[in-house]
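Number of protein chains: 2
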Amino acid sequence: MPLTLTVFAASPDEGRGLARDMGVRWALEEAGLAYDVRTLSFAAMKQPAHRVRQPFGQIPTYEEDGLILFESGAIILHIAQHHAGLLPDDPDGSARAIAWLFAALSTVEPPIIARSMAGFTIRDKPWYGEQMALLDDQLRVRLTDLSRQLGDAPWLEQAFSAGDLMMIVVLRRLAGTGLLEEHPNLAAYVARGEARPAFQRAFAAQHALFVAGREAN
Amino acid sequence: MPLTLTVFAASPDEGRGLARDMGVRWALEEAGLAYDVRTLSFAAMKQPAHRVRQPFGQIPTYEEDGLILFESGAIILHIAQHHAGLLPDDPDGSARAIAWLFAALSTVEPPIIARSMAGFTIRDKPWYGEQMALLDDQLRVRLTDLSRQLGDAPWLEQAFSAGDLMMIVVLRRLAGTGLLEEHPNLAAYVARGEARPAFQRAFAAQHALFVAGREAN
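Protein chains in written order, with this note's numbering: chain A, 1 to 217; chain B, 1 to 217.
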């Protein structure tokens, strides 16, 4: 059986590559691995049949010869540790790249998610503006630290790795907010990732799926 | 040089083992590894000398023979992948345990952090109660899913792993909120982790450091 991912049947991001399968698709393309997808509706994601694969009723999942994995970070790490192309060969460099993968998910993404959650949970509340300004400031602290660390380098460590992949996937969620553009080196970093052929193949695949789903309805 | 962690000189949790070094200390104890600590003030954490180790100016960091790591998840994974005691021997079981480690940090912890951040950023705002109720409800969705998955099992997979360790570290941040107690199996799961001798040694070490620091001032 080929390697299979579950993905949204109709991604709420409308094909912009912001759903959590995007990073996994990108990692698979960097590693040169073919894969199939199985699409799920929002209702199907919350059913017991999918919760066996994904206890929180989310996408993506990854299936390979009887192994079922969830959490895009874990899936990307699994691909990176079993195939060339996403981690340096030296053990210390590899550990550093993995630290950046965790930093993307555990330090940089949470304030980005908090901000986007507020965008749809409290948009109609009178305190929306003040709360959003607080959340923006919390996020700016992280972005400033990340920008300082990256400096003029192309990638976070010596060469592109799964850590950059995850960080760029996370930063792409800021598209349209203007916050990324406050740090031109971070905006250029994201653009550098998006220019990679593997990114472009992954982006095209999820976009084509979204368009096909829309045309079928 | 012995393995060395950086930790808070005066932990804001007052020795309750809620700072991010707790999970790393626990993992080191499970693996039977000795370590030294270097304490840092809040001011020192934000200085360039520490940012070389930790770009976001936080603790803990991990130093071992020239390798410097940050992010507690990455450090715990590094320990788990290099020493016995924290991951199953079979590769698929190991990958599943690592998925839980990511789930703890990327799916369960963010709504816990969002809630505790609100506790000190908006406590004096008129909308505090309503916003907190929203954040509590978002967190309850995750806790309900986790509780359903755990069921009557002692651990998330067949045996205690780094995934349980990380999840229990994350859930301990809910102490005093009453939210954990809404799911007796999760409260028992945390207590089961806290009863492990390795947890108790790690807890005692960080607590003793806090007490010594307080007495010195």
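Treat the hints as calculated values from the structure; they're not laboratory data.
Predicted model only: the values in this text are computed from it and were never measured.
One should not assume that every hint holds.
Stated by the list, open to error - Computed from the model, here is a short list of chain A residues facing chain B with C-beta under 10 Å: (1) V37; (2) P55; (3) F56; (4) G66; (5) L105; (6) T121.
Here a beta-carbon is modelled for each residue, glycine too, at the ideal position from N, C-alpha and C.
Now the hints, each set against the structure:
{"no.": "1", "hint": "V37", "result": "violated (19 Å)"}
{"no.": "2", "hint": "P55", "result": "holds (4 Å)"}
{"no.": "3", "hint": "F56", "result": "holds (5 Å)"}
{"no.": "4", "hint": "G66", "result": "holds (7 Å)"}
{"no.": "5", "hint": "L105", "result": "holds (5 Å)"}
{"no.": "6", "hint": "T121", "result": "holds (6 Å)"}
The structure fails to meet hint 1 from the earlier list, while all remaining hints are met.
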